[in-house]
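Starting from the known structure of chain A, fit chain B onto it as the hints suggest.
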Amino acid sequence: MQQEQSEKALFELSNISKQFPGVKALDAVNFRLFPGEVHALLGENGAGKSTLVKIMTGVLPKDSGSIQLQQQEISPSNTAEAQKLGIAPVYQEVNLLPNLSVAHNLFLGREPTRFGCIRWQQMAEDARQLLKRFKLNIDVTESLSHYSVAIQQLVAIARGVAMNAKVLVLDEPTASLDSSEVDTLFDILRQLKSEGIAILFITHFLEQVYQISDRITVLRSGKLIGEYPITDLPRGKLIEAMLGQELQQVTGEQTEATEPAKREPLLTVSNATVPHSVDDVSLTVNKGEAVGMAGLLGSGRTEVCRALFGIDTLKSGEIKIRQQPVTLNQPADAMQQGIALCPEDRKTDGIIGPLSIRENIALALQVQAGWWRYISPEKQRTLANQYIESFHIATPDSEKPIEELSGGNQQKVILARWLAISPQLLILDEPTRGIDIGAHAEIIKLIKSLCDEGMSLLVASSELEELVAFANRVVVMRDHRKVAELQGAELSSQSIMHSIAEV
Amino acid sequence: MIARRFVPLLATFSLLVVMFIIGGFQFEGFASFQVVTNLLTDNAFLLVVALGMTLVILSGGIDLSVGAVVALSGVLCAVLISEYQWPPLLVFPLVLVIGTLFGTLMGSLIYFYKLQPFIVTLAGMFFARGLATTISEESVGIEHPLYYAVADSGIALPGNAWLPSYAIIVLAVLAGLFLLTHYSRFGGYVYAIGGNSQSAALMGVPIARSTIGIYAMSSFLAAFAGILYTFYTFSGYALTGIGMELDAIAAVVIGGTLLTGGSGYILGTLLGVMLMGIIHTYIIFEGSLNSWWARIAIGLLLFVFIALQKVLNRSSQRG
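Listed in order, the protein sequences are those of chains A and B. My numbering puts the first residue of the first sequence at 6, with every later residue one more than the last. My numbering puts the first residue of the second sequence at -10, with every later residue one more than the last.
To be clear, the hints were calculated from the coordinates, so they are not data collected in a lab. From the three backbone atoms N, C-alpha and C, an ideal C-beta is built for every residue, glycine too. It is possible that some hints are incorrect.
Residues on chain A that point at chain B, a partial pick, calculated with CB under 7 Å [unchecked claim]:
| # | residue |
| --- | --- |
| 1 | N100 |
| 2 | L105 |
| 3 | L113 |
| 4 | G114 |
| 5 | I123 |
| 6 | Q127 |
Think about it this way: if two alpha-carbon atoms lie no more than 25 Å apart in a straight line, the pair counts; the simulated PhoX-like pairs of lysine-lysine are [said to hold, decoys possible]:
| # | chain 1 | residue 1 | chain 2 | residue 2 |
| --- | --- | --- | --- | --- |
| 7 | B | K299 | A | K67 |
| 8 | B | K299 | A | K405 |
| 9 | A | K292 | A | K450 |
Isolated chain A (complex conformation) (with noise of 0.2 Å):
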């Protein structure tokens, strides 16, 4: 601490609060950013972080409490005005403008210009040199959807840092890259660091704030837990301090995989195959089981998951449900036959944003009774608040637009649409994908115990551990083909992992 006196915050946010109507949703929090550190912001989902992140950067106002960079007293009231202090946000869903070159992404509205015109040429060499500090060889003149999302976050970041960010705060920059991809973030962030440059890192992966962050600041429930070097806080105290009394409850929760007694198959898939998709897969899940499905992203995993669901058709092989053959065209005939999909992509393929809870929920319910039994509000609402209780979603209300709730509550409102209809065959693709340890661990629990009832699952996910956490067989995907099927004793994460990478 002595040491960190001896230096000055470069960025000092000192009592924010900031109420919501029905939440304070930041209680007196102080945060500080030193010059040159990589400091981990966390929290579970509702504990303020992008609260706190959207008021540093300029989205929203503070009720009280005060911002000052380099000991000048700020109030940036929109992004430009946070960005020009020297505030860089770079977001969890990359917030540039993929219609656009990539130099035009990296100098919008500041595009150097003669007599007012634009210099393309001029604009597009400082892009490229730019992005050499990046080890980025690109044509900048390329639109940027051309590119993949992580080298879009990359030309993000880029564009932060050449605005002269001093402060860059990244939200989640991780979520959506490799493991190789968020080895060359990291170089990066480290030299950034060594020019000087503060960084706020906001991430679900707890692993990677070990690898990256000097320090670190808890929030929970608005209220700042406390700010701790990195060493002080080992990976358990760190839970310990994001989920409070709830640890108990996570860490209890060690069971061992429970050993499938032999019954009988609901769902059969022989040599599947749809074109540049699924490669002649066959699988089977058992009433009552849970079985999971790893791989990398493109390996072929969302692909079955659609495949199952009547989204994309099979070219050739079979489905069977309870021993008989079915054909799913749409989704509407794999819901007639009792399966239920929660998408990857909770937010353009699950929720239904300006709907409310309860009109969320009752979708798939509706959807099956069809047009001309219409569930009536008020039965909507019964339903609606039984999930919200069971499941704990956090909402004054059955009212409230789902686009306002956080991702783990969105993603317990799409659980409930679907096990609303009493699925048999349930099929999760990426059901934890960035989601706090809270709901995280709340999902797992409900895995298990909607196969303790009886109910089968099928889940695609990309980590291992929660794989290995729930479930009684893990099919192995690469190249759109499955490559293993392990279970019982061979089950561990290290096994899924060396078939994933084939040695």
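Chain B in isolation, oriented as in the chain A frame:
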């Protein structure tokens, strides 16, 4: 290898050239410079309106009021000049200011109240058309020396062709819009808003100013087109330009601009207008065909272009 984004533009251009060649072989006098300048003069007001529409569509919006604004400004010009004897050089700026304010108002409604551009500009269309009809139901003729002077002036071009001053003005507008769209920061903002207005806002694009500016620009150009129209017809009439907004949208789309916003080119719109014009010209030269065949051809063309854009979009997403 030509970038994929230029393909629709190239398709329009090739079609234009092919039409020109076919017409040239079929009819005497079709493939002449005069036909090209006539295309420009006869479609001058449509081109000016379509240029404004291009900006609006690039930003992901739509402006249905332009045809009505053309009529309103035409009627205003005619009434003020002929009935009130105001000098044209006072009337024109006044009309342009009125048009710009009208667009500013619509843009403000769209931005501040988060209203759909479709409905706001539809309301604007009814309002402007209604106002024009209230001012004068009849066509009002204009007799003014300036009009005759402008009609007689122009530049003689080699090959016995004549470029009327009217076409020169349109070319100047085209050049201005080209610079504005492709070489100014404002132009960049238009693309940004059309790409994703939320991201654009987070990147510090002044959304309010830009959105309002876009609609103000569109209405300004529509008012300008209305003035041009009075030079073309020596009159102002409240029923001018009915459906012109739809012709303008068609020209913009045929010119390769995506209706969803964020992608397109000013010169594409020029090609779109010219292509629609040459189809009309062809049908006139043909003589036996009803002029409504031009509509059928343009309808088919629109279908083809939308399909083409869809295909290109899909393949670029896969790539």
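Sort out which numbered hints this structure fails and list those numbers smallest first.
6, 7 and 8
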